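In the order they appear, the protein sequences are chains A and B.
Residue 12 in the working numbering sits at position 12 of the first sequence, with consecutive numbering throughout.
Residue 185 in the working numbering sits at position 185 of the second sequence, with consecutive numbering throughout.
Be aware that a few hints might be false.
[Unchecked claim] As a list, the in silico DSS-like pairs of lysine-lysine whose alpha-carbon atoms are at most 25 Å apart:
{"#": "1", "chain 1": "B", "residue 1": "Lys75", "chain 2": "A", "residue 2": "Lys27"}
{"#": "2", "chain 1": "B", "residue 1": "Lys75", "chain 2": "B", "residue 2": "Lys8"}
{"#": "3", "chain 1": "B", "residue 1": "Lys143", "chain 2": "A", "residue 2": "Lys47"}
{"#": "4", "chain 1": "A", "residue 1": "Lys37", "chain 2": "A", "residue 2": "Lys11"}
{"#": "5", "chain 1": "B", "residue 1": "Lys75", "chain 2": "B", "residue 2": "Lys17"}
{"#": "6", "chain 1": "A", "residue 1": "Lys4", "chain 2": "A", "residue 2": "Lys103"}
{"#": "7", "chain 1": "B", "residue 1": "Lys21", "chain 2": "A", "residue 2": "Lys47"}
{"#": "8", "chain 1": "B", "residue 1": "Lys100", "chain 2": "B", "residue 2": "Lys215"}
{"#": "9", "chain 1": "A", "residue 1": "Lys47", "chain 2": "B", "residue 2": "Lys8"}
{"#": "10", "chain 1": "B", "residue 1": "Lys8", "chain 2": "B", "residue 2": "Lys53"}
{"#": "11", "chain 1": "B", "residue 1": "Lys205", "chain 2": "B", "residue 2": "Lys100"}
{"#": "12", "chain 1": "A", "residue 1": "Lys47", "chain 2": "B", "residue 2": "Lys17"}
{"#": "13", "chain 1": "B", "residue 1": "Lys74", "chain 2": "B", "residue 2": "Lys8"}
{"#": "14", "chain 1": "A", "residue 1": "Lys10", "chain 2": "A", "residue 2": "Lys27"}
{"#": "15", "chain 1": "B", "residue 1": "Lys53", "chain 2": "B", "residue 2": "Lys74"}
{"#": "16", "chain 1": "A", "residue 1": "Lys4", "chain 2": "B", "residue 2": "Lys53"}
{"#": "17", "chain 1": "A", "residue 1": "Lys4", "chain 2": "A", "residue 2": "Lys47"}
{"#": "18", "chain 1": "A", "residue 1": "Lys11", "chain 2": "B", "residue 2": "Lys53"}
{"#": "19", "chain 1": "B", "residue 1": "Lys179", "chain 2": "B", "residue 2": "Lys137"}
{"#": "20", "chain 1": "A", "residue 1": "Lys11", "chain 2": "A", "residue 2": "Lys112"}
{"#": "21", "chain 1": "A", "residue 1": "Lys20", "chain 2": "A", "residue 2": "Lys47"}
{"#": "22", "chain 1": "B", "residue 1": "Lys215", "chain 2": "A", "residue 2": "Lys11"}
{"#": "23", "chain 1": "A", "residue 1": "Lys27", "chain 2": "A", "residue 2": "Lys47"}
{"#": "24", "chain 1": "B", "residue 1": "Lys205", "chain 2": "B", "residue 2": "Lys137"}
{"#": "25", "chain 1": "A", "residue 1": "Lys37", "chain 2": "B", "residue 2": "Lys53"}
{"#": "26", "chain 1": "A", "residue 1": "Lys27", "chain 2": "B", "residue 2": "Lys26"}
{"#": "27", "chain 1": "A", "residue 1": "Lys37", "chain 2": "A", "residue 2": "Lys4"}
{"#": "28", "chain 1": "A", "residue 1": "Lys86", "chain 2": "A", "residue 2": "Lys4"}
{"#": "29", "chain 1": "A", "residue 1": "Lys37", "chain 2": "A", "residue 2": "Lys27"}
{"#": "30", "chain 1": "B", "residue 1": "Lys53", "chain 2": "A", "residue 2": "Lys47"}
{"#": "31", "chain 1": "A", "residue 1": "Lys11", "chain 2": "B", "residue 2": "Lys205"}
{"#": "32", "chain 1": "B", "residue 1": "Lys21", "chain 2": "B", "residue 2": "Lys100"}
{"#": "33", "chain 1": "A", "residue 1": "Lys37", "chain 2": "B", "residue 2": "Lys26"}
{"#": "34", "chain 1": "A", "residue 1": "Lys86", "chain 2": "A", "residue 2": "Lys96"}
{"#": "35", "chain 1": "A", "residue 1": "Lys10", "chain 2": "B", "residue 2": "Lys100"}
{"#": "36", "chain 1": "B", "residue 1": "Lys53", "chain 2": "B", "residue 2": "Lys21"}
{"#": "37", "chain 1": "B", "residue 1": "Lys18", "chain 2": "A", "residue 2": "Lys47"}
{"#": "38", "chain 1": "A", "residue 1": "Lys47", "chain 2": "A", "residue 2": "Lys10"}
Hints listed in this document are in silico derivations from the structure and should not be mistaken for laboratory results.
Everything numeric in this text was worked out from a predicted model, so none of it was measured.
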Amino acid sequence: MNAKYERQLKKGVFEILVLKLLGEGEKYGYELLLELKERGGEMFAVKEGTLYPILYRLEDDGLARSRWSRPEGREVSRKYYSITPKGQEELGELTKLWYSFEKSVSGILEEKG
Amino acid sequence: MNQESYLKEVERNLNCKKARKRQIRKDLEADIGAASERGESWEDIRQRMGDPKELAREFNENMGNTDRKMSRPKKILLVCVIVLAVLAALAALLFWLLPKSYLIEDSRIFDGETVAAEAEEIVELLNENDFAALQEKSTAQMKPAMTEEYMQSAKEQIGSDWGAFERFTSSYSVELVQKGQHFALTELTALYENRSVTYQISFNKDMELAGIYMK
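Only chain B is shown next, with the shape it has when bound in the complex (with noise of 0.2 Å):
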């Protein structure tokens, strides 16, 4: 090994900033140099000097950069990690936004029956335009949609006459999960005179009247 190829691997496995870097080359190269003047070979100089990497490392020791570089397979296998920890926050995070549905049956929380039966319940007292009744069974939002005003306007936007209340033809429930809250949601179809409504009535967990939607 010669003088400049055992300066580059000292340079090599130094850990301290460029500038730094050149001063301990220079350094060293005037060090040789004097050895040299004084008659020792460059054979005896590399034996004294020892090891290049041995050498960079007592430098980085001395120097307080004992920390070595992360070698280059290991950088790139943190980025990926990085990379797919990031990744799986996002998946999480959209697992955790988007609306996802049971069946009811399966809920720990719900009980299909009381669901369905609440459901109908519901839409028999706003056929009978019971506010009062209604505002008892609603959540905080909910209660100021819960008024007969706005129920009509609603309403009016379905049709003008619906007639009168005939009967429920059908009646389907399941539980949603969102943002880690869970809700019943019971799709009712109603029959009146001269249409049929379907409306969705979603509860919270606590079986509050949480939002409806008329169709």
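Next up, chain A with everything else stripped away, as it sits in the complex (with noise of 0.2 Å):
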């Protein structure tokens, strides 16, 4: 397979499942990532350079927010990203779409040509 091809493809989803992980409560940057490679498996295993874009585009276009942590002792400082009510919106229309977008390619994917 092409790497190409399959980067441009997965590229789609990641802010969908972003914002999912993000509904589900606050999260840092490396949380993330970690959290998107356990239960995505190796196919989701993105990197900063990745995941980073996209916080700052959902930022940018107000479907999240972030805020830096007070470190306690010896703690390093923390950026938690959180959504916002315009993001659990976008997570809703998003996730519609998804499922039909899904049907939709599933069902000429497995017509007999």
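Each of the two chains sits in its own frame; use the hints to bring them together as a complex.
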């Protein structure tokens, strides 16, 4: 499989997945990386270079916001990202879109040409 | 490579605004901190994050900044090329503005003999004060000057009483090119009873009288 096509195909769903994870509660970047890998397996093992631009976009569009934690003791400061009400709305619509998208694509792929 | 030099290398290869670079650096720093709290060693983290250039490239690609910054030598080369192009354009403009003269024999537009004969004809018409005929031969711009009144005052400036025309003593023609236009210019010396007058007579490419200068 051509890695370029694979990357291209996956690209579009990361936004939904990140929104979904943030919908469950605020998380910091490293946590998101780990969760994506734990829940999606190697298929969604993204790197910082993919995750952060998504978070920046979500933040720029008002779908997510971030805050820095006040470190306690020897802890390092963490940047927590959380979903906004607008992000919740968007997540709902994107989820619906995903199901109809998945159905249509599968429908076409299963057709006997 | 330690953490600091790794992050520096990432930053160096990012193609985004300063504020965004700082944000990425802080996020990566927090990530590294969180990972090491979980017990990952710097070596493991570095391995996971991969080559700093590659990481920066991934950031650039996902932020829509794929066009790489132009390297310094390339920039210098580009500036040099632009400067040269401007200089060449200026030289071409100057060349176009300045009148250039060529041998009338080499002209593809004018015939030397015709030009010389026509120039003599103009002087003879002037001598005869035949302004109707001169008007006929002039370009639109020259017509207002081709009146007895105007030419008389021009002649006065050279001398009051020229005396009768005797003969032409010399004639020399060239082709002039200026601003993309071609002219034939004849310098003609006429001997009069009391003085000798040098005319410079120019024709446009349709052999219309485009200018007269006397001295």
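Quick rundown of the hints versus the structure:
A threshold of 25 Å between alpha carbons decides the hint, and for Lys75 of chain B with Lys27 of chain A the separation of about 43 Å lies outside it, so the pair is violated. The hinted pair formed by Lys75 of chain B and Lys8 of chain B meets the criterion: a straight-line CA distance of about 23 Å does not exceed 25 Å. For the suggested pair Lys143 of chain B and Lys47 of chain A, the alpha carbons sit about 83 Å apart, so the restraint of at most 25 Å is broken. Between Lys37 of chain A and Lys11 of chain A, the direct Cα distance comes to roughly 15 Å. Compliance with the 25 Å bound is thereby established for this hinted pair.
Proximity of Lys75 of chain B to Lys17 of chain B is assessed by CA-CA distance (about 19 Å); at most 25 Å being required, the pair is judged to hold. Our distance criterion of 25 Å between C-alpha atoms is met by Lys4 of chain A and Lys103 of chain A, whose separation comes to about 24 Å. Between Lys21 of chain B and Lys47 of chain A the alpha-carbon distance is near 17 Å, which keeps this suggested pair within the 25 Å criterion. Restraint check for Lys100 of chain B and Lys215 of chain B: satisfied, since their Cα atoms lie roughly 22 Å apart, inside the 25 Å limit.
Pair hint Lys47 of chain A plus Lys8 of chain B holds up; C-alpha atoms about 18 Å apart against a cutoff of 25 Å. About 10 Å separates the Cα atoms of Lys8 of chain B and Lys53 of chain B, which keeps this hinted pair within 25 Å; it holds. Taken as a hint, the Lys205 of chain B and Lys100 of chain B pair is honoured in the structure, with Cα atoms around 15 Å apart against an allowance of 25 Å. Taking the CA atoms of Lys47 of chain A and Lys17 of chain B, the gap is about 21 Å. The hint holds against a cut of 25 Å.
Under the criterion of a C-alpha separation no larger than 25 Å, the hint pairing Lys74 of chain B with Lys8 of chain B is consistent with the structure, at around 23 Å. Between Lys10 of chain A and Lys27 of chain A the alpha-carbon distance is near 22 Å, which keeps this suggested pair within the 25 Å criterion. For the given pair, Lys53 of chain B sits about 20 Å from Lys74 of chain B by alpha-carbon distance, which is consistent with the 25 Å threshold. In summary, the hint linking Lys4 of chain A to Lys53 of chain B is supported, as the alpha carbons are separated by about 19 Å, within the 25 Å threshold.
The suggested pairing of Lys4 of chain A with Lys47 of chain A holds, with an alpha-carbon distance near 16 Å, which does not exceed 25 Å. About 21 Å separates the Cα atoms of Lys11 of chain A and Lys53 of chain B, which keeps this hinted pair within 25 Å; it holds. For the proposed pair Lys179 of chain B and Lys137 of chain B, the alpha carbon gap of about 23 Å is at most 25 Å, so the pair holds. Between Lys11 of chain A and Lys112 of chain A the CA atoms are separated by roughly 28 Å; this puts the pair beyond 25 Å, and the hint is violated.
Of the pairs offered as hints, the one joining Lys20 of chain A and Lys47 of chain A holds, with about 18 Å between alpha carbons and a cut-off of 25 Å not exceeded. The suggested pairing of Lys215 of chain B with Lys11 of chain A is violated, with an alpha-carbon distance near 85 Å, which exceeds 25 Å. Annotation: proposed proximity of Lys27 of chain A to Lys47 of chain A holds, straight-line Cα distance about 16 Å (limit 25 Å). Distance hint between Lys205 of chain B and Lys137 of chain B is fulfilled; the C-alpha atoms sit about 13 Å from each other, no more than 25 Å.
Between the alpha carbons of Lys37 of chain A and Lys53 of chain B the distance comes to roughly 23 Å, so the proposed pair stays at or under 25 Å and holds. A distance of roughly 16 Å separates the Cα atoms of Lys27 of chain A and Lys26 of chain B; the hinted pair therefore holds under the 25 Å criterion. Taking the CA atoms of Lys37 of chain A and Lys4 of chain A, the gap is about 20 Å. The hint holds against a cut of 25 Å. Between Lys86 of chain A and Lys4 of chain A the alpha-carbon distance is near 32 Å, which puts this suggested pair outside the 25 Å criterion.
With a C-alpha separation of about 15 Å, the suggested pairing of Lys37 of chain A with Lys27 of chain A holds against the 25 Å cut-off. Only pairs whose Cα atoms come within 25 Å are accepted, and Lys53 of chain B paired with Lys47 of chain A is accepted, the gap being roughly 14 Å. Only pairs whose Cα atoms come within 25 Å are accepted, and Lys11 of chain A paired with Lys205 of chain B is rejected, the gap being roughly 69 Å. Among the hinted pairs, Lys21 of chain B with Lys100 of chain B is inconsistent with the structure: their alpha-carbon atoms are about 59 Å apart, more than 25 Å.
For the hint linking Lys37 of chain A to Lys26 of chain B, the alpha-carbon distance of about 22 Å falls within 25 Å, and the restraint holds. Under the criterion of a C-alpha separation no larger than 25 Å, the hint pairing Lys86 of chain A with Lys96 of chain A is consistent with the structure, at around 16 Å. Restraint check: the Cα-Cα separation between Lys10 of chain A and Lys100 of chain B comes to about 68 Å, which exceeds 25 Å; the hinted pair is violated. For the proposed pair Lys53 of chain B and Lys21 of chain B, the alpha carbon gap of about 14 Å is at most 25 Å, so the pair holds.
Between the alpha carbons of Lys18 of chain B and Lys47 of chain A the distance comes to roughly 22 Å, so the proposed pair stays at or under 25 Å and holds. For the proposed pair Lys47 of chain A and Lys10 of chain A, the alpha carbon gap of about 13 Å is at most 25 Å, so the pair holds.
Consistency note: the structure conflicts with the earlier hints numbered 1, 3, 20, 22, 28, 31, 32 and 35.
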